[in-house]
Amino acid sequence: MVGDRSLEGRTVYQVKDFKSELKPIWCPGCGDYGVVQAIYRALANIGRAPHDVAFVSGIGCSSRIPGYTTAYGFNTVHGRALPIAQGIKFSRPDLLVLAAGGDGDGFSIGGGHVPHCIRRNPDITYIVMDNHIYGLTKGQLSPTSPRGLATASSVYGSLEDPVNPLLYVLAYGARFVAQGTPADMPGLAAVIEEGIRYPGFAFINVQSPCITYGQPDAQLKQHKAQMRPLAASGHDPSNRLSAMTLAQEYGDVLHTGVFYRDPEPGPTFEQAVAQRQIAQGASRDARERVLERFAVK
Amino acid sequence: MRDLTIGMAGAGGDGIVSAGESLMTAAALEGYHAMLTKSFGPQIRGGESSFRLRVSTGPVYTPGGVLDVAVALNWDDFLRFGAELPIGGHTILVYDTQHAPDPGGVALAGVMPGEIVGVPIAAIARELAGHDTAKNTVVLGLMAQWFGFMPDTLLAGLRKRFQKKSADVLEQNERAFEAGRVYATDHPIDTARRLDPARAPGAPPLPMLLADGNEMCAAAAIFAGCTFFGGYPITPSTEIMQFLGRELWKYGGVVLQAEDEIAGAGAALGASFAGRKAMTATSGPGMSLKTEMLGLASIAELPLVCVNVQRGGPSTGMPTKSEQSDLFQAVFSAHGDVVRPVLAPTGVADMFETTVEAFNIAEQYQTPVILLSDAEIGQRKEIIDPIETRRFTIVDRRRPSPRELEAYVRYALTESGISPISEPGMAGGNYLAAGIEHNEHGAPTANGVIHARMNEKRIRKLDPLTRWRGAVTMAGDPDAPIGLIAWGSVAGVAREALDRAERLGVHAKLLLPTLLYPVPQPAYDDFFGSVRAGLVVEQSHQGQLYRLLRMFVNVPAGVVSLARSGANPFTPAEIAERLAALAQQLQRSRVPEAEAAID
Chain A
13 MVGDRSLEGR TVYQVKDFKS ELKPIWCPGC GDYGVVQAIY RALANIGRAP HDVAFVSGIG
73 CSSRIPGYTT AYGFNTVHGR ALPIAQGIKF SRPDLLVLAA GGDGDGFSIG GGHVPHCIRR
133 NPDITYIVMD NHIYGLTKGQ LSPTSPRGLA TASSVYGSLE DPVNPLLYVL AYGARFVAQG
193 TPADMPGLAA VIEEGIRYPG FAFINVQSPC ITYGQPDAQL KQHKAQMRPL AASGHDPSNR
253 LSAMTLAQEY GDVLHTGVFY RDPEPGPTFE QAVAQRQIAQ GASRDARERV LERFAVK
Chain B
8 MRDLTIGMAG AGGDGIVSAG ESLMTAAALE GYHAMLTKSF GPQIRGGESS FRLRVSTGPV
68 YTPGGVLDVA VALNWDDFLR FGAELPIGGH TILVYDTQHA PDPGGVALAG VMPGEIVGVP
128 IAAIARELAG HDTAKNTVVL GLMAQWFGFM PDTLLAGLRK RFQKKSADVL EQNERAFEAG
188 RVYATDHPID TARRLDPARA PGAPPLPMLL ADGNEMCAAA AIFAGCTFFG GYPITPSTEI
248 MQFLGRELWK YGGVVLQAED EIAGAGAALG ASFAGRKAMT ATSGPGMSLK TEMLGLASIA
308 ELPLVCVNVQ RGGPSTGMPT KSEQSDLFQA VFSAHGDVVR PVLAPTGVAD MFETTVEAFN
368 IAEQYQTPVI LLSDAEIGQR KEIIDPIETR RFTIVDRRRP SPRELEAYVR YALTESGISP
428 ISEPGMAGGN YLAAGIEHNE HGAPTANGVI HARMNEKRIR KLDPLTRWRG AVTMAGDPDA
488 PIGLIAWGSV AGVAREALDR AERLGVHAKL LLPTLLYPVP QPAYDDFFGS VRAGLVVEQS
548 HQGQLYRLLR MFVNVPAGVV SLARSGANPF TPAEIAERLA ALAQQLQRSR VPEAEAAID
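Those protein sequences? They're chains A and B, same order as listed.
Each residue of the first sequence is one higher than the one before, counting from 13 in the numbering used here.
Each residue of the second sequence is one higher than the one before, counting from 8 in the numbering used here.
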């Protein structure tokens with residue numbers, strides 16, 4: 013039985029209700045273990061049934077994540093989690109839709125989808141597990157690898173500057189932008205929950221270190237010591253410019269918490285769809301009569 | 008006469024297309040069948056434009072061959088269309104005297120038209136309508152009078168079209184139309200031709216349908232229950248998205264013009280995962296981009312209809328010209344051991360049925376289906392008989408019963424290979440859909456035994472398709488020794504070629520496949536049973552269907568390929584002659600082994 017009856021008769025969900033029987037393939041010590049735990053917690057707090065959640069991912073270590081939940085999962089192809097998640101949300105706005113993937117999925121092969129998802133503003137929460145490396149293929153450069161990084165595919169060091177995911181989504185107009193780390197589980201669960209509750213597109217960058225191919229000096233232990241909660245810094249999350257200024261420190265300073273939360277969430281694409289359908293008289297037309305449009309009278 | 012083909016060309020702004028559409032609409036109101044194709048110069052705006060319209064008292068399968076009537080508002084522009092507007096010894100050529108050179112003095116590839124009539128079209132328009140732009144209306148008046156082309160209906164159509172404009176414009180056009188009729192009355196042509204009425208006098212009007220293939224595809228999708236479309240503009244398929252962008256909302260649907268071809272297909276696949284019927288549409292290069300998503304649909308066993316309105320390729324190729332050169336791509340451009348059903352419509356009316364079948368097959372078998380249309384069918388307008396939609400069955404995916412949901416196994420290895428499919432929102436149906444190989448429960452695996460079993464399941468479930476009754480259409484005598492095979496827009500040419508061949512005394516029969524892949528082998532075996540010689544006719548350089556058939560079917564040695572690149576259309580006469588030649592060869596070589604000797 014999934015969920016328990018509360019005193020008010022409402023079903024209450026717990027972390028265990030969202031945890032599947034599949035054993036993660038992740039290396040011991042991988043940051044992604046913490047991310048999936050944080051997602052269980054956030055979903056349990058939200059209180060929707062697992063069967064009302066659609067969890068979409070791309071390809072990569074982190075993209076295995078939907079299978080470790082009891083939600084309806086869709087582990088798709090590399091870089092395409094967002095288009096598929098949008099198709100789900102636009103056709104079934106009743107569902108809680110999550111998308112997840114790695115930094116390569118979101119900012120390299122799938123980077124072109126992010127701006128368009130942002131401008132449609134679907135009520136989808138997108139969690140990127142940013143580890144600055146391609147782990148599944150055993151340690152190649154990722155779009156967020158620092159310049160100069162020597163990897164399996166850059167033995168003499170990277171010749172490129174990294175993408176700044178936070179600045180990227182802020183520049184395209186994302187209305188909810190946050191960052192977390194599994195080194196701070198309560199904080200990570202809290203921003204994921206807040207992202208899900210935000211009525212529009214929410215982007216959450218999770219610094220989720222790769223224990224096998226990542227930099228030894230940027231692991232959870234260092235995160236714990238170095239992270240700087242934005243809430244304690246006096247940052248006003250309704251100030252986009254100030255958020256962008258802080259986001260520029262990506263790679264140097266590990267800010268955690270909400271960078272930006274648009275106080276006026278604005279319409280989602282699916283809300284606009286519903287209005288369009290009403291305006292066009294949806295379901296007034298029987299599909300059996302569609303050919304009448306071609307009748308010459 | 009029962010059949011009339013008119014071609015008209017002029018400069019941009021001459022209202023060529025609108026004249027063609029006026030004639031088409033009037034023909035539909037009078038109950039004729041017709042086919043209208045338009046052609047333009049390469050310019051985005053302006054430049055030369057043309058149409059050809061074939062009107063008939065019976066069903067029309069091809070745009071017709073040599074023109075019966077050719078109208079040149081501008082002679083230079085007319086010539087630019089070359090073989091698209093062929094003039095023959097029986098053609099009546101009407102030209103505007105304002106835009107000489109007098110075509111009487113111009114060699115038309117050595118052919119002299121049957122009759123050449125110069126008319127001061129622009130002068131009449133200026134004098135009576137006060138405006139050059141009424142030239143096309145003057146032409147409508149000429150057509151009405153000389154060829155009995157529905158004068159009252161044409162006039163009523165003009166009134167309808169211009170009622171939104173000022174009273175002046177309407178009056179000018181009425182005068183121009185009348186002036187054309189008067190001129191035609193005063194200047195009778197020698198070769199009198201009048202179109203027979205489409206209906207017996209007093210017969211009740213039938214509501215004929217007027218649509219192009221792309222619109223029909225979109226409408227059929229709505230009929231089949233599609234409520235999600237994701238796509239990206241690409242010639243010549245864009246009209247599918249545009250039609251749905253106007254209409255789909257009215258049926259509770261959603262249209263997403265995505266950021267690219269991949270996202271369009273991806274969003275459609277997401278909608279399908281969420282339990283909705285979904286479609287994407289594109290043309291050749293877009294298909295290349297969608298191919299990865301189709302692989303995902305195959306392994307995740309999700310229904311999806313993907314339309315490819317083929318154009319000349321590769322790459323940008325000839326985007327406005329029709330070709331059938333994406334068959335190999337449709338069948339073979341899959342990673343992994345995949346069978347994807349590929350269906351082809353043969354015309355606008357057939358587009359309805361084939362699109363509905365594409366959705367039905369996608370739902371029934373939980374598979375992506377490629378609907379392989381072409382620019383010719385997508386873009387040409389046809390007047391067709393009303394379609395009795397009640398005779399169509401709509402298939403929905405097999406969803407799990409409440410009992411099955413108690414112990415749900417998404418990819419259960421059933422006898423048919425089809426496993427009940429749940430969707431988000433169904434309690435107990437929760438599962439992981441994945442591009443990664445999985446066991447019956449959807450859990451990822453790298454186990455070779457499971458992989459083999461799942462491949463077997465995904466391919467076996469499609470087996471019944473090859474025995475599907477709708478897989479092919481056959482015509483002609485089942486015992487005929489000459490066989491003709493064609494698909495897509497060439498199917499219509501083949502139909503008329505068969506009629507011609509029979510008139511030439513050739514004992515032939517015809518097979519038009521709707522299901523291109525998996526190849527419906529039993530139907531071909533049956534067809535080839537009596538065949539000793541024949542043709543597979545198609546618009547591709549390699550003869551892709553011919554080669555595909557030889558992979559899967561025992562094609563008699565006497566059956567050869569007649570194939571050529573797009574924008575070089577076949578004519579019924581040409582195919583009929585080839586069939587007649589094959590018949591003669593057969594007759595000369597009475598020895599049974601002769602089959603092998605025929606090239």
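Please keep in mind that the hints were generated in silico from the structure rather than gathered at the bench.
Be aware that a few hints might be false.
Stated by the list, open to error - Derived DSBU-like pairs (lysine-lysine); straight-line CA-CA distance at most 35 Å:
id, chain 1, residue 1, chain 2, residue 2
1, B, K328, B, K45
2, A, K150, A, K236
3, A, K309, B, K464
4, B, K167, B, K257
5, B, K464, B, K257
6, B, K45, B, K257
7, A, K31, B, K464
8, A, K150, B, K172
9, A, K309, B, K172
10, A, K28, B, K464
11, A, K35, A, K236
12, B, K257, A, K309
13, B, K464, A, K35
14, B, K464, B, K328
15, B, K464, A, K150
16, B, K468, A, K35
17, A, K28, A, K150
18, B, K167, A, K31
19, B, K171, B, K257
20, A, K31, A, K236
21, B, K171, B, K45
22, B, K171, A, K309
23, B, K167, B, K45
24, B, K468, A, K309
25, A, K31, A, K309
26, A, K233, A, K150
27, A, K31, A, K150
28, A, K233, A, K28
Claimed, not checked - Which chain B residues stay away from chain A? Per the calculated CB distances, all over 10 Å, these:
id, residue
29, L86
30, G273
31, S295
32, S322
Virtual Cβ for every residue (Gly too), placed ideally from N, Cα, C.
Status of each hint after checking the structure:
no., hint, in the structure
1, B:K328 with B:K45, "holds, 11 Å"
2, A:K150 with A:K236, "holds, 26 Å"
3, A:K309 with B:K464, "violated, 50 Å"
4, B:K167 with B:K257, "holds, 26 Å"
5, B:K464 with B:K257, "violated, 38 Å"
6, B:K45 with B:K257, "holds, 30 Å"
7, A:K31 with B:K464, "holds, 29 Å"
8, A:K150 with B:K172, "violated, 69 Å"
9, A:K309 with B:K172, "holds, 21 Å"
10, A:K28 with B:K464, "holds, 34 Å"
11, A:K35 with A:K236, "holds, 26 Å"
12, B:K257 with A:K309, "holds, 22 Å"
13, B:K464 with A:K35, "holds, 26 Å"
14, B:K464 with B:K328, "violated, 40 Å"
15, B:K464 with A:K150, "holds, 32 Å"
16, B:K468 with A:K35, "holds, 31 Å"
17, A:K28 with A:K150, "holds, 32 Å"
18, B:K167 with A:K31, "violated, 66 Å"
19, B:K171 with B:K257, "holds, 26 Å"
20, A:K31 with A:K236, "holds, 25 Å"
21, B:K171 with B:K45, "holds, 25 Å"
22, B:K171 with A:K309, "holds, 18 Å"
23, B:K167 with B:K45, "holds, 22 Å"
24, B:K468 with A:K309, "violated, 45 Å"
25, A:K31 with A:K309, "violated, 61 Å"
26, A:K233 with A:K150, "holds, 23 Å"
27, A:K31 with A:K150, "holds, 27 Å"
28, A:K233 with A:K28, "holds, 27 Å"
29, L86, "holds, 33 Å"
30, G273, "violated, 3 Å"
31, S295, "holds, 15 Å"
32, S322, "holds, 20 Å"
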